[in-house]
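J.: Each chain, written out:
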Amino acid sequence: MYSKRFDNRKLDETREIEAKVGIIKRADGSAYFRIGDTKVIAAVYGPRELYPVFLQNPEKGLLRCVYDMTSFSVTDRKRPGPNRRSIEISLVTEKSLLPALDLSQFPNTVIDIFIEVIQADAGTRCAGICAAAMALADAGIPMKDLVAAISVGKVGDKIVLDLNKDEEDYEEGSTDMPVAIIGNTEEITLLQLDGDMNKEEILEALRLAKKGCSEIHKIQKKALKEKYMSVKENE
Amino acid sequence: MGDLLVKDKDIVVPGEELAIGMDYLPAGGVYRLNDKIYASQVGLVSISGRLIKLIPLSGRYIPKKGDLVIGKVVDTGFSGWRIDIDWAYEANLSMKDATSEFIERGSDLTQYYDYGDIISVQIIHVSGSKIIDLTMKGPGLRKLKGGKIIEVNPTKVPRIIGKQGSMIQMIKEKTNCKIIVGQNGKVWISGLDPESELKATQCIYKIEAESHLDGLTDRIKDFLEGKNV
Amino acid sequence: MNEDGLKDYISSLISKNIRIDGRSLLDYRKPIKIELNVSKNAEGSARVIMGETEVIAGVKMNIGEPFPDTPDEGVLMVGAELLPLSSPEFEPGPPNPQATELARVIDRGIRESGMIDVKKLCIKKGELVWMVFLDIYTINDDGNLIDASALASVVALRNTVLPKIEGDKVLFGEHTKEKLPLKKAPLTCTLVKIKDKIIVDPSLKEEKVMDARLSVAVSENNEINALQKGGDKGISIEDIEKMFDIATEKTKELRKHLH
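Line by line, the protein sequences are chains A, B and C. When we follow my numbering, the leftmost residue of the first sequence carries the number 1153, and every step to the right adds one. When we follow my numbering, the leftmost residue of the second sequence carries the number 52, and every step to the right adds one. When we follow my numbering, the leftmost residue of the third sequence carries the number 266, and every step to the right adds one.
Hint data in this document are derived by calculation from the structure and do not stem from the laboratory. No experiment lies behind these values; they were computed from the predicted model shown. Hints should not be assumed to be uniformly reliable.
What the hints assert, rightly or not - Derived lysine to aspartate or glutamate pairs resembling EDC-like cross-links, with alpha carbons at most 16 Å apart: (1) B:196 to C:273; (2) C:305 to A:1189; (3) A:1377 to B:68; (4) A:1296 to B:259; (5) A:1379 to B:61; (6) A:1379 to B:259; (7) C:281 to B:246; (8) B:115 to B:184; (9) C:429 to A:1228; (10) C:434 to A:1228; (11) B:257 to C:286; (12) B:181 to A:1201; (13) C:305 to A:1228; (14) A:1247 to A:1339; (15) A:1177 to B:202; (16) A:1374 to B:68; (17) A:1177 to C:354; (18) A:1317 to C:354; (19) A:1362 to A:1338; (20) A:1377 to B:61; (21) A:1296 to B:68; (22) A:1370 to B:68; (23) A:1374 to B:61.
Unchecked claim - Here are some chain C residues pointing at chain A (derived, C-beta under 8 Å): (24) 274; (25) 398; (26) 438.
Backbone N, C-alpha and C define an ideal beta-carbon position, used for all residues, glycine too.
With the sequences and hints as input, model every part of the structure.
T.: And the structure:
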């Protein structure tokens, strides 16, 4: 029985979150996102030229995502370069952001998103999506709304919000479900599950995800506005 | 009935609700969903009458017909040149739009504009798939010799130019520099010495950084006059 | 601006002893910021910001077999990635020649100076030694990735602690208080020649118009442990001698940042 969370959080409480926008000067848009001990950065370049030509779409721009982890972001060193996991995460990340974007203004071009995990403590793909959404807004790409993502799941016998690594590795059983939601809508754009949960548990977890994403969404908005507020303060 | 949820010059982010009801009309940078108007970019709210639009605070240059831009010659073809105007792809400058001189077919086009030349041009056509055609036939459009090019965020160009060119005119006069501001964020500065070019440069970067704040014109005036800002 | 125009502009300023960002010829960009422990899962890590250039370096350790020709020495592997997020000019993919050069130049400085006391990393001669993996990642490229990476690497190594071992297995994620045994700290100074002037710590625009570049790794006793010349033009022996003198002085200044 999972009675107390490893870090004493409530079942529906996220870890501490930090967000900052405009951290990579050469990028068109960029952001840093930290949730607990998971730290990621994301950069957006585009719209820019797309080669090879057969990939170009004369009706709208293409979205391309690359998720990568530094070798020292994890305790057991990760060999540099893409692996199957990072390739899959790159794909689902792209799919989680695309529904929020309007790329019809950018025919034949590509919007590149690069996500780098600096420190990993579970929930990296969700953190990557949160950072990427802010970076897209920072780059001026027209969006319906920001996309927020968080993991929910079942640890032991409890449905929890925002699993950390200890919870993911819980020996009495752990199911992890990353979820991404577009802003204040109910539109879910990322949904994966890895474990063992029944329908009611999943629906309860999704309610928790909505709550978590809503909190993240507020923090993302604040971070985007803060970029312009700080200039105001330096006056 | 309509409800305005924000004020003019508020900073908003994508997805933020700006107005409820059908009274207000969405223009650039915002969109309507059912009976609400939302922002689609990070920008400053701009309300004029019933029209709500956003002045975006970031984003790469998207070419528009009529824009004056500064470009660089990167290639020549049989009947024209290819120009880099900081769009994803190169724009076309055909022989007939380049000069009023008669250019014979097959002649060496680099005699007129060579690789690396910086030119001020105007966009005469943008196709549906964003293929761009340029012209150099127009007042002030020419090859730019000497001076330097600086790059600014294209969304700040209107502020740098100012109402009816008032801001850029002030900078030109006080620094004694020739300045051409391209809508694509490229600015050509040519002064009598590097120091005055540096002053004009710093001034323009200052406008870029503070474009969303009030009282900018006065602060720039003070900066140009050497007062501490 | 075409490259020639930019080069002329930069040279005209340099001939008056100022650079496009207002620095003097032999000044490093300010501020130089160093941050430790960028990743708690690393055995050691650091972030360095030089002007707007930013890199991070991290160290992971493991145990394994030594190389056959050095049976009683620990192993050092240095990698570098020019992350596509740090510049519009970097593409995803395996390390290209520029990234490979960066890794190997940093490697040489550390290896040839004897910075790491590799003999102390021997656990069982011929069978088991400590392996040190140093990985460098660029975060924002505004020129002179070499010096920023060298500084980040040295700081990361100086703050590296050995992980706990149980028998012949490493307990990843658990650290001892024992620091990586080090002897020296080589730092690199990169100088660039534009027409007939020499400047240090080139920014991105200066790198684009440079004629030649020399990176010099110097350790505390003023010994030069690594040299790497880049750029499309040649340099004279007089230039090189001048550059050695400047590098020795500049690395002394950079060394103050290590404390």
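J.: Hint by hint, say whether it matches the structure.
T.: Now for the hints, and whether the structure bears them out:
no. : hint             : result
1   : B:196 to C:273   : 12 Å, holds
2   : C:305 to A:1189  : 8 Å, holds
3   : A:1377 to B:68   : 15 Å, holds
4   : A:1296 to B:259  : 27 Å, violated
5   : A:1379 to B:61   : 14 Å, holds
6   : A:1379 to B:259  : 14 Å, holds
7   : C:281 to B:246   : 11 Å, holds
8   : B:115 to B:184   : 10 Å, holds
9   : C:429 to A:1228  : 13 Å, holds
10  : C:434 to A:1228  : 12 Å, holds
11  : B:257 to C:286   : 15 Å, holds
12  : B:181 to A:1201  : 12 Å, holds
13  : C:305 to A:1228  : 12 Å, holds
14  : A:1247 to A:1339 : 13 Å, holds
15  : A:1177 to B:202  : 13 Å, holds
16  : A:1374 to B:68   : 15 Å, holds
17  : A:1177 to C:354  : 14 Å, holds
18  : A:1317 to C:354  : 35 Å, violated
19  : A:1362 to A:1338 : 8 Å, holds
20  : A:1377 to B:61   : 10 Å, holds
21  : A:1296 to B:68   : 11 Å, holds
22  : A:1370 to B:68   : 13 Å, holds
23  : A:1374 to B:61   : 13 Å, holds
24  : 274              : 21 Å, violated
25  : 398              : 6 Å, holds
26  : 438              : 4 Å, holds
The structure does not agree with the numbered hints 4, 18 and 24 stated previously, though it agrees with the rest.
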